[in-house]
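S.K.: Each chain is listed here by its residues.
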Amino acid sequence: MNKVVKNAEEAIQGIKDDMTLMVGGFGLCGIPENCITALVKSGIKGLTCISNNAGVDNFGLGLLLQNRQIRKMISSYVGENAEFARQMLKGELEVDLIPQGSLAARCQAAGMGVPAFFTPAGYGTEVAEGKEVRWFNGKPHILEAALEADFALVKAWKGDRFGNLIYKGTARNFNPAMAMGGKITIAEVEELVEPGVLDPNFIHTPGVFVQRIFQGEVYEKRIEQRTVRSKN
Amino acid sequence: MLNRNEIAQRIAQELRDGWYVNLGIGIPTLVANYIPEGISVVFQSENGILGMGPFPYEGEEDADLINAGKQTITAMPGASIFDSATSFAMIRGKHIQLTVLGAMEVSETGDIANWKIPGKLVKGMGGAMDLVASADNIIVAMNHTDKRGNSKLLKNCTLPLTGVRCVKKIVTNMAVLDVTPNGFKLLERAPGVSVEDIQKATAGKLIIEGEIPEITIN
Numbered sequence: 219m220n221k222v223v224k225n226a227e228e229a230i231q232g233i234k235d236d237m238t239l240m241v242g243g244f245g246l247c248g249i250p251e252n253c254i255t256a257l258v259k260s261g262i263k264g265l266t267c268i269s270n271n272a273g274v275d276n277f278g279l280g281l282l283l284q285n286r287q288i289r290k291m292i293s294s295y296v297g298e299n300a301e302f303a304r305q306m307l308k309g310e311l312e313v314d315l316i317p318q319g320s321l322a323a324r325c326q327a328a329g330m331g332v333p334a335f336f337t338p339a340g341y342g343t344e345v346a347e348g349k350e351v352r353w354f355n356g357k358p359h360i361l362e363a364a365l366e367a368d369f370a371l372v373k374a375w376k377g378d379r380f381g382n383l384i385y386k387g388t389a390r391n392f393n394p395a396m397a398m399g400g401k402i403t404i405a406e407v408e409e410l411v412e413p414g415v416l417d418p419n420f421i422h423t424p425g426v427f428v429q430r431i432f433q434g435e436v437y438e439k440r441i442e443q444r445t446v447r448s449k450n
Numbered sequence: 085m086l087n088r089n090e091i092a093q094r095i096a097q098e099l100r101d102g103w104y105v106n107l108g109i110g111i112p113t114l115v116a117n118y119i120p121e122g123i124s125v126v127f128q129s130e131n132g133i134l135g136m137g138p139f140p141y142e143g144e145e146d147a148d149l150i151n152a153g154k155q156t157i158t159a160m161p162g163a164s165i166f167d168s169a170t171s172f173a174m175i176r177g178k179h180i181q182l183t184v185l186g187a188m189e190v191s192e193t194g195d196i197a198n199w200k201i202p203g204k205l206v207k208g209m210g211g212a213m214d215l216v217a218s219a220d221n222i223i224v225a226m227n228h229t230d231k232r233g234n235s236k237l238l239k240n241c242t243l244p245l246t247g248v249r250c251v252k253k254i255v256t257n258m259a260v261l262d263v264t265p266n267g268f269k270l271l272e273r274a275p276g277v278s279v280e281d282i283q284k285a286t287a288g289k290l291i292i293e294g295e296i297p298e299i300t301i302n
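Residue numbers (our numbering), protein chains in the order written: chain Y, 219 to 450; chain L, 85 to 302.
With the rest of the complex left out, here is chain Y (with noise of 0.2 Å):
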């Protein structure tokens, strides 16, 4: 078994006009730079990007926006980009803004063969407009659906050949949710080993919800907030 892809290029292979894409990370942490390079590059636009946030301005999913790529956001928060706001106030972006944890939840229910599920969140509120009530133990639920995507695009920070991923810090986010989500997961790593060298116990993606993985070239990771506090 070979998982493995030369790089970004040819890993988003077979990614085509108007399809749908899950891609990782919590604003900039944990984000495929990669990927999202490669796809600034190929200029397959269209794209129906689920993600929690859109990047900002120059960087993430900020790119793609940049260069017209993207046709809908489904996303929790999305407030750190103002060509984003630009291009959703002129009507040029559509923008389907969902609470956070229902947009988790959806993901990885692709993923795990649950077409829809009841939550509360978002009852009583526009969230819930045209979607099924059901009340369980007292309580209102809403009918959320999972959510579909071609590809998901993740990061890890050690991958093996098998597509065993492991994250470090909260880049984790919602990588692990979209790898079991999308039809054709494409993860790329910082490390990439041999299989055998990463601790199966300390496994957070099991290689089966990978179809692709590569090292990426180059890390930036960019900080959002640097916030620090002084040592006196």
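It is worth saying that the hints were derived from the structure and are not from the lab.
For every residue, glycine included, the Cβ atom is placed at its ideal position computed from N, Cα and C.
Possibly wrong hints are sitting among the right ones.
Stated by the list, open to error - Listed next, the in silico SDA-like pairs over lysine to any residue satisfying Cα-Cα at most 25 Å (straight line): (1) L/200 to Y/311; (2) Y/376 to L/160; (3) L/207 to Y/376; (4) Y/439 to L/158; (5) Y/449 to L/121.
Claimed, not checked - Covered stretches of chain Y (in silico footprint by chain L; criterion: 3 or more residues with CB under 8 Å from a CB of chain L, positions within the stretch not fixed): (6) 282-293; (7) 334-346; (8) 390-404; (9) 416-422; (10) 434-443.
With chain Y fixed as given, assemble chain L onto it according to the hints.
M.R.: Structure of chain L alone, referenced to chain Y:
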């Protein structure tokens, strides 16, 4: 009147030993600075950490360790890290004992609006809808009135809702109030603020019973 730090300090008095706590952005974040002595609580950040610690020392920032506000943080000894689906499983499953968050409006039945102003740029609800839909214990930290002096404690919210019948307690710059089936019950008033001042600044139903003590902060 209480300032932002004093609101946080008053909310910190509600913490109990052993609790897991989620703090929202703004005043709620400041609550972590005032944990009462002898009490140990664990802070959750919904992007995937239990045991969030203070900001790192300069030069020790780690791009792979941030909170839900995308700020660099540290992990406390005994912290754990997990994915977003697990994070919201612990929120939805009521494993977090207290949620503190800000609000634009709260209704006398405990509805909360804090994510969207029609006609203004909508950034999204983030994790707020999941948090308020499931938490049993929700405290709102906010000013009693908006910048134009309009009450933020209303009969009904006018802005799009984040959640319904969920807020349990409100700590404002003027007062501490419980949300009861009969309306806002005034518990404490800020130093220098009279019951009449609070009545004037509260558009929803205000229940005043007996003497209302002043908020005490050490």
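S.K.: Could you work out which of the previously given hints the structure breaks and list their numbers from low to high?
M.R.: 3, 6 and 9
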